[in-house]
Amino acid sequence: MVKLDEIQLRLLREVADLHKVPEGAYNIRSNGTSAGRASTANIEIIPKENGSGLDIRIKPGTKKESVHIPVVMTQSGLTEVVYNDFHIGEDADVIIVAGCGIDNCGPKDSQHDGIHRFFVGKNAKIKYVEKHYGSGDGSGKRILNPVTEVYQEEGSTVEMEMVQIKGVDDTVRTTTAKLSAGAKLVVRERLMTHGSQRAISTYVVELNGDGSSADVVSRSVARDDSYQKFDAKLVGSAACSGHTECDSIIMDNGRILAVPGLEANSVDAALVHEAAIGKIAGDQIIKLMTLGLTEQEAEEQIINGFLK
Amino acid sequence: MLELQHISFQVEDEGSDKEIIRDVSLSVPDGKLVVITGPNGGGKSTLARLIAGIEKPTEGRILLNGEDITEMSVTDRARRGIGFAFQQPVRFKGIQVFDLIRLAKGKDTKMVDACEYLSAVGLCARDYINREVNASLSGGELKRIEIATVLARGTALSIFDEPEAGIDLWSFQNLIEVFEGMRENIRGGSILIISHQERILSIADEIIVIKDGQVTGQGSRDEILPKLIGTTMAMKACRMAPGEREAARG
Numbered sequence: 001m002v003k004l005d006e007i008q009l010r011l012l013r014e015v016a017d018l019h020k021v022p023e024g025a026y027n028i029r030s031n032g033t034s035a036g037r038a039s040t041a042n043i044e045i046i047p048k049e050n051g052s053g054l055d056i057r058i059k060p061g062t063k064k065e066s067v068h069i070p071v072v073m074t075q076s077g078l079t080e081v082v083y084n085d086f087h088i089g090e091d092a093d094v095i096i097v098a099g100c101g102i103d104n105c106g107p108k109d110s111q112h113d114g115i116h117r118f119f120v121g122k123n124a125k126i127k128y129v130e131k132h133y134g135s136g137d138g139s140g141k142r143i144l145n146p147v148t149e150v151y152q153e154e155g156s157t158v159e160m161e162m163v164q165i166k167g168v169d170d171t172v173r174t175t176t177a178k179l180s181a182g183a184k185l186v187v188r189e190r191l192m193t194h195g196s197q198r199a200i201s202t203y204v205v206e207l208n209g210d211g212s213s214a215d216v217v218s219r220s221v222a223r224d225d226s227y228q229k230f231d232a233k234l235v236g237s238a239a240c241s242g243h244t245e246c247d248s249i250i251m252d253n254g255r256i257l258a259v260p261g262l263e264a265n266s267v268d269a270a271l272v273h274e275a276a277i278g279k280i281a282g283d284q285i286i287k288l289m290t291l292g293l294t295e296q297e298a299e300e301q302i303i304n305g306f307l308k
Numbered sequence: 001m002l003e004l005q006h007i008s009f010q011v012e013d014e015g016s017d018k019e020i021i022r023d024v025s026l027s028v029p030d031g032k033l034v035v036i037t038g039p040n041g042g043g044k045s046t047l048a049r050l051i052a053g054i055e056k057p058t059e060g061r062i063l064l065n066g067e068d069i070t071e072m073s074v075t076d077r078a079r080r081g082i083g084f085a086f087q088q089p090v091r092f093k094g095i096q097v098f099d100l101i102r103l104a105k106g107k108d109t110k111m112v113d114a115c116e117y118l119s120a121v122g123l124c125a126r127d128y129i130n131r132e133v134n135a136s137l138s139g140g141e142l143k144r145i146e147i148a149t150v151l152a153r154g155t156a157l158s159i160f161d162e163p164e165a166g167i168d169l170w171s172f173q174n175l176i177e178v179f180e181g182m183r184e185n186i187r188g189g190s191i192l193i194i195s196h197q198e199r200i201l202s203i204a205d206e207i208i209v210i211k212d213g214q215v216t217g218q219g220s221r222d223e224i225l226p227k228l229i230g231t232t233m234a235m236k237a238c239r240m241a242p243g244e245r246e247a248a249r250g
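Residue numbers (our numbering), protein chains in the order written: chain A, 1 to 308; chain B, 1 to 250.
Hints in this document: simulated from the structure, not taken from any laboratory. Careful, some of the hints might be misleading.
[Stated by the list, open to error] Below, computed lysine-lysine pairings styled on DSSO-like, alpha-carbon distance capped at 27 Å:
hint : chain 1 : residue 1 : chain 2 : residue 2
1    : A       : LYS166    : B       : LYS93
2    : A       : LYS108    : A       : LYS141
3    : B       : LYS32     : A       : LYS308
4    : A       : LYS166    : B       : LYS110
5    : A       : LYS20     : A       : LYS63
[Claimed, not checked] Covered by chain A, according to a simulated footprint, are these stretches of chain B (three or more residues, beta-carbon under 8 Å):
hint : stretch
6    : 66-75
7    : 92-98
These numbers come from a predicted model, not from an experiment. Just so it is clear, CB atoms sit at the ideal spot from N, CA and C, and this is done for glycine as well.
Chain A extracted, bound-state conformation (with noise of 0.2 Å):
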């Protein structure tokens, strides 16, 4: 493996709590090539052939194993384009950690567009955890566009973390699914603005198989001048359930444009879409004064409880 330098560390620590190289298949990328890769004999991680990602293949019926595929960045005006393929075999049930960490001490740009593509089998079940993280003072912005794309087979269920607290000057997260019957979507995104930063954040979720349920949850914190736009749509093409909900706190001059959006294409679709924007309520910030905090400790309070 190759040696890996005290800030690449860090951003692994921040993006995949890795505090070593982790257990079972990884494969960590620094600064636009590998510098460490292992597979194991239920998964596989094998480069694509024009060196543009990898093909990871989970043999049907893996369960209790774990993929890390973090990314970090410390190269300032890097840019690069990632496509991963994740094969996921049937009755499968593993944890794919993914994320980006990028520390940008210079003057240009740096931007990770990760495209990550899950083949879910019939009755796999996979928690795919995603943070990003930036840092470092250059002027150059710390970019991240990544695109999900998830094709559920019947029964399967897919869990998705979406963490991005701080550093991370511009994203433009884009992710689609399509389920059949049975399958379940879970995901709970977790977004934090500050400085000029801004986030889009768009879902487009396809229900078209009988049974098949989606939740989907967005819980943010605009701070600043930040801008956010929380962007999702579930299409209900059968006997489905699906709820989308966006949560957020704006403080000093944040804004939030939140635009659920519904599709009933089946008489027997139950759509559901919830979306509450404010500011923290005084009477928190006075409940927790009264513990003895002062007004900033309080307001760190809760939001790092509403992020939690």
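Once you have looked at the hints, place chain B on chain A.
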């Protein structure tokens, strides 16, 4: 000891000043349980909020152990030993019961200690400690957690604004025991409860009656309580409907 000296509080109401509290002077001595009662809208809760610093008086001074705290923030008063249980407790998305108790008690609070405060207010700690303090909790549950946060703080002056509001009969019984327990362990501290429940008034050392923003009565329980019995200022905890009474008997 807490002292209020000539406290007045005005708010603007449809262009004219409305006086909610008028020249109130009173004291809550150390080691005493003092209950403030009076008719609804008389200014009791406002007085409690003035003491906690949530509202600032238009006139008068508030002294805590001789120190003038009139201009102090809610935070500074809390740090000087004032605890406050809201009449309508606040909900927080994502913050768990344990988080709240830890904020009240301190970073090093152990799970087992936090559980004790919940048990003290009649909640099965195991079921609640990891619950979010959000809309999934009932009004009564929330109220008990609110009281637990004040117990956890163990402040020199603990203020409870209508602790019985929104609490069912069984919990109310429990609540009385909580206050009795607090009172036993009061040492140099003091407790101020805003309430018009006879059961709470009957455990008071002193009772203060507030009506139309003014103190209309002040003295020991034995002196004041008999005058209040039968009025809305000293209500019975529960009046069961005849059907329920029979069911309870059967």
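Check each numbered hint against the structure and report the violated ones by number, ascending.
Hint check: 3 and 4 fail, others pass.
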